[in-house]
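2 protein chains.
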Amino acid sequence: MSVFLETVLVEEAITRIKAIAPVPGKELAPLESVSGRVLSEDIRADIDIPGFDRSVVDGYAVKSADTSGAGESVPAMLRLAGKMNMGEKAASHPGPTGTCVYVPTGGELPQGFDAVAMIEYCEPIGDLVLVKRPLANGENIVRRGEDFHAGETVLKTGCRLGPRDIGVLAAVGCNTVPVYRVPRIGILSTGNELVPVTEVPTGSRVRDINSYLCSSYVKELGCEPVLYGIVLDEREAFREALENALAGCNAVLISGGSSKDERDMTASVIQERGEVLVHGIAIAPGKPTIIGKAGGVPVIGLPGHPASAFIVLKVVVRHLLNRMSGDQSAGHVAMKYTALENIPSMKGREEYVRVLVTDHGVVPLFGKSGLLNTLVRSNGLVRVPAGSEGVEEGDLVEVIQW
Amino acid sequence: MSVFLETVLVEEAITRIKAIAPVPGKELAPLESVSGRVLSEDIRADIDIPGFDRSVVDGYAVKSADTSGAGESVPAMLRLAGKMNMGEKAASHPGPTGTCVYVPTGGELPQGFDAVAMIEYCEPIGDLVLVKRPLANGENIVRRGEDFHAGETVLKTGCRLGPRDIGVLAAVGCNTVPVYRVPRIGILSTGNELVPVTEVPTGSRVRDINSYLCSSYVKELGCEPVLYGIVLDEREAFREALENALAGCNAVLISGGSSKDERDMTASVIQERGEVLVHGIAIAPGKPTIIGKAGGVPVIGLPGHPASAFIVLKVVVRHLLNRMSGDQSAGHVAMKYTALENIPSMKGREEYVRVLVTDHGVVPLFGKSGLLNTLVRSNGLVRVPAGSEGVEEGDLVEVIQW
Numbered sequence: 001m002s003v004f005l006e007t008v009l010v011e012e013a014i015t016r017i018k019a020i021a022p023v024p025g026k027e028l029a030p031l032e033s034v035s036g037r038v039l040s041e042d043i044r045a046d047i048d049i050p051g052f053d054r055s056v057v058d059g060y061a062v063k064s065a066d067t068s069g070a071g072e073s074v075p076a077m078l079r080l081a082g083k084m085n086m087g088e089k090a091a092s093h094p095g096p097t098g099t100c101v102y103v104p105t106g107g108e109l110p111q112g113f114d115a116v117a118m119i120e121y122c123e124p125i126g127d128l129v130l131v132k133r134p135l136a137n138g139e140n141i142v143r144r145g146e147d148f149h150a151g152e153t154v155l156k157t158g159c160r161l162g163p164r165d166i167g168v169l170a171a172v173g174c175n176t177v178p179v180y181r182v183p184r185i186g187i188l189s190t191g192n193e194l195v196p197v198t199e200v201p202t203g204s205r206v207r208d209i210n211s212y213l214c215s216s217y218v219k220e221l222g223c224e225p226v227l228y229g230i231v232l233d234e235r236e237a238f239r240e241a242l243e244n245a246l247a248g249c250n251a252v253l254i255s256g257g258s259s260k261d262e263r264d265m266t267a268s269v270i271q272e273r274g275e276v277l278v279h280g281i282a283i284a285p286g287k288p289t290i291i292g293k294a295g296g297v298p299v300i301g302l303p304g305h306p307a308s309a310f311i312v313l314k315v316v317v318r319h320l321l322n323r324m325s326g327d328q329s330a331g332h333v334a335m336k337y338t339a340l341e342n343i344p345s346m347k348g349r350e351e352y353v354r355v356l357v358t359d360h361g362v363v364p365l366f367g368k369s370g371l372l373n374t375l376v377r378s379n380g381l382v383r384v385p386a387g388s389e390g391v392e393e394g395d396l397v398e399v400i401q402w
Numbered sequence: 001m002s003v004f005l006e007t008v009l010v011e012e013a014i015t016r017i018k019a020i021a022p023v024p025g026k027e028l029a030p031l032e033s034v035s036g037r038v039l040s041e042d043i044r045a046d047i048d049i050p051g052f053d054r055s056v057v058d059g060y061a062v063k064s065a066d067t068s069g070a071g072e073s074v075p076a077m078l079r080l081a082g083k084m085n086m087g088e089k090a091a092s093h094p095g096p097t098g099t100c101v102y103v104p105t106g107g108e109l110p111q112g113f114d115a116v117a118m119i120e121y122c123e124p125i126g127d128l129v130l131v132k133r134p135l136a137n138g139e140n141i142v143r144r145g146e147d148f149h150a151g152e153t154v155l156k157t158g159c160r161l162g163p164r165d166i167g168v169l170a171a172v173g174c175n176t177v178p179v180y181r182v183p184r185i186g187i188l189s190t191g192n193e194l195v196p197v198t199e200v201p202t203g204s205r206v207r208d209i210n211s212y213l214c215s216s217y218v219k220e221l222g223c224e225p226v227l228y229g230i231v232l233d234e235r236e237a238f239r240e241a242l243e244n245a246l247a248g249c250n251a252v253l254i255s256g257g258s259s260k261d262e263r264d265m266t267a268s269v270i271q272e273r274g275e276v277l278v279h280g281i282a283i284a285p286g287k288p289t290i291i292g293k294a295g296g297v298p299v300i301g302l303p304g305h306p307a308s309a310f311i312v313l314k315v316v317v318r319h320l321l322n323r324m325s326g327d328q329s330a331g332h333v334a335m336k337y338t339a340l341e342n343i344p345s346m347k348g349r350e351e352y353v354r355v356l357v358t359d360h361g362v363v364p365l366f367g368k369s370g371l372l373n374t375l376v377r378s379n380g381l382v383r384v385p386a387g388s389e390g391v392e393e394g395d396l397v398e399v400i401q402w
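If you read the sequences in order, they're chains A and B.
FYI, our numbering numbers position 130 of the first sequence as 130, with every residue one higher than the one before it.
FYI, our numbering numbers position 151 of the second sequence as 151, with every residue one higher than the one before it.
Isolated chain A, as found in the complex (with noise of 0.2 Å):
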């Protein structure tokens, strides 16, 4: 049995990997615990926003026909013939012409106006106020329904709740959120030369780094990790681990087997229990990555060194998390920077370099892959495509933040 597949590009990993996230399911959450969670359900106004014509200063509502060639010189003399409170209801100041009432900034439009004049512009004496300004008919007002409709759909099904949203949702009187359930990611570091982070590693042993570097990614993607600890490469220790991850988990990320023994090992047991979709894709760092399903569940074999691992994750398996999680946002936009260097590459792979982004372009930060200290000094990622040969000093480049 051959579980080894052609080396994908990185594009057709993308797409294989999104193709098997399981749909995730839905739920019910108060408003107050729903930040940076993700809509399972359009979300409409219940009311018109505002509920009523709103002035958005302080000030004093005119009939704006009354403030018609009103300057400095020749103010418009108006008579004072009430206050607005904030909350109060609109209708008890009638208004006829040549009076005006004195409003706040959100409170109602009194009835039979249509503006309000800025009290800087204005000037009171005695229950007379002089505005020095012609205001134009629905100056300063928002209308009623006029930010929203009641009816209107406000958030999409698919949106990932950030302050504003959360804010919106308030104002809809969104109390209790339809929000798709959080995925569990199950995570398992493989390898005989692990040791568990309070130890201190002899001889050619290292330790377990990948366990916590992907459970604070997929916890900065808005998943759970649920991590199963170090498993030997062992065919059956590694099974019973992965028969328990799969039992509990809406995917398992397997890091480690960075060895071709090690990672045939990996293959080979989960196309026992399922398929190998991709194995080997045509990036660098994270070439040895495995895409497959076991019973079902998506499970993706990661490079055993964690600067490669963490490539892999922000570039392929993000895809993943995100669709599992529900989220539709479209993400930032690509930003491109200058390159102030050479960036050299070899044909037929998709690199990923790490650069130092500054205010004045992109800085390669070279060094072997296997580098922890280029990863952290880094603050972004510089694609370079399968089919370049690399990047020329003053090309513009995409980049990738952290």
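Among the hints, erroneous ones may be present.
Identical chains share a label here; the pair holds if one copy fits it or two copies do between them.
Keeping only pairs whose Cα atoms sit at most 25 Å apart, straight-line, the calculated PhoX-like set for lysine-lysine is [to be verified]:
1) 83 with 368
2) 314 with 18
3) 132 with 18
4) 89 with 347
5) 132 with 287
6) 368 with 260
7) 347 with 132
8) 26 with 347
9) 219 with 156
10) 132 with 83
Hint data in this document are derived by calculation from the structure and do not stem from the laboratory.
Chain A is already provided as a structure; the job is to place chain B on it using the hints.
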């Protein structure tokens, strides 16, 4: 007693708000819980990383001198003297001239060898291996300590811990992490016009949006929001609510009080208990912002309208929250895009215009400043400096992404 100061420029407001940030406390927290938190001490490597000369490829450890002049047609012929396993100690393979040893990716370079030939360029024949490329000393090897030396600082105080940093903490065995305490930020919404989100507002009442919007923003910046609910615009009620919040929090955000009378009341109560440092910022929207201190605790009065409040949070209050969190990261590099339309502005105040950033450039979303719909439709803000009359089509503008 006058509590009215001159309107200050945004830059000045930021300087003053940073100056009142309390110094954060410190605590220790387990590695698996510190994603997104801020380091309170420099972290040093406890060991060399890697702890041994490590192969970055699957291949054969060789003496580079043995491969001198090797090529496709005249390969170097080496005797296979053994196989390194992951995590195995290296001493077992002494490596006389003319031999090689199989090493997996991440495995230790056996003693006596100085390079690793990738399997792609080798052909094993029985117990011989043909190496078809010459290798340089050190090729495909990361030397002991090349990534980090024992004792070297790997992460600095003030670092906001992302997945890469968490990975580095694991690498250096930092299982209990020194972090700053999470600041508790009290949130009060004031206004007689406010009703809870669960109610349908009648007349000119509106729902309390800002409690939720502020709370979500505070969380986004890694702080803990503490909601004190709706407070009526009455001096006594407000004073009592403020005292409660001061007692339980490291800073207090008071949203609302959008009319002049309410702002005056807020400022005067803060003045009574401490000091008003800024009363009015030359920013649009967001002018009626108060920066003060009461009982030693920063107290910020935000504009009542949610859209204005959010812009003040993003442009000014962010600096307070980051400073209180101990966050010393530089933040993202400014992103510049081409303006696709003119953006007019009034001289003398900084104007923040909501924009839609597309792949082609930036489109301003005009409309009255008090609208929520432009806030959620936009994906960023363009700052038009106080000294400028606006932006012209084709100008390069700086964008703050939401």
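For each hint, the structure was consulted:
no.: 1; hint: 83 with 368; result: between (73 Å within a copy, 24 Å between copies)
no.: 2; hint: 314 with 18; result: within (14 Å within a copy, 34 Å between copies)
no.: 3; hint: 132 with 18; result: neither (62 Å within a copy, 40 Å between copies)
no.: 4; hint: 89 with 347; result: neither (71 Å within a copy, 37 Å between copies)
no.: 5; hint: 132 with 287; result: between (72 Å within a copy, 23 Å between copies)
no.: 6; hint: 368 with 260; result: within (20 Å within a copy, 62 Å between copies)
no.: 7; hint: 347 with 132; result: between (71 Å within a copy, 21 Å between copies)
no.: 8; hint: 26 with 347; result: neither (44 Å within a copy, 50 Å between copies)
no.: 9; hint: 219 with 156; result: both (23 Å within a copy, 22 Å between copies)
no.: 10; hint: 132 with 83; result: within (20 Å within a copy, 92 Å between copies)
The structure is inconsistent with the numbered hints 3, 4, 8, although it conforms to all the rest.
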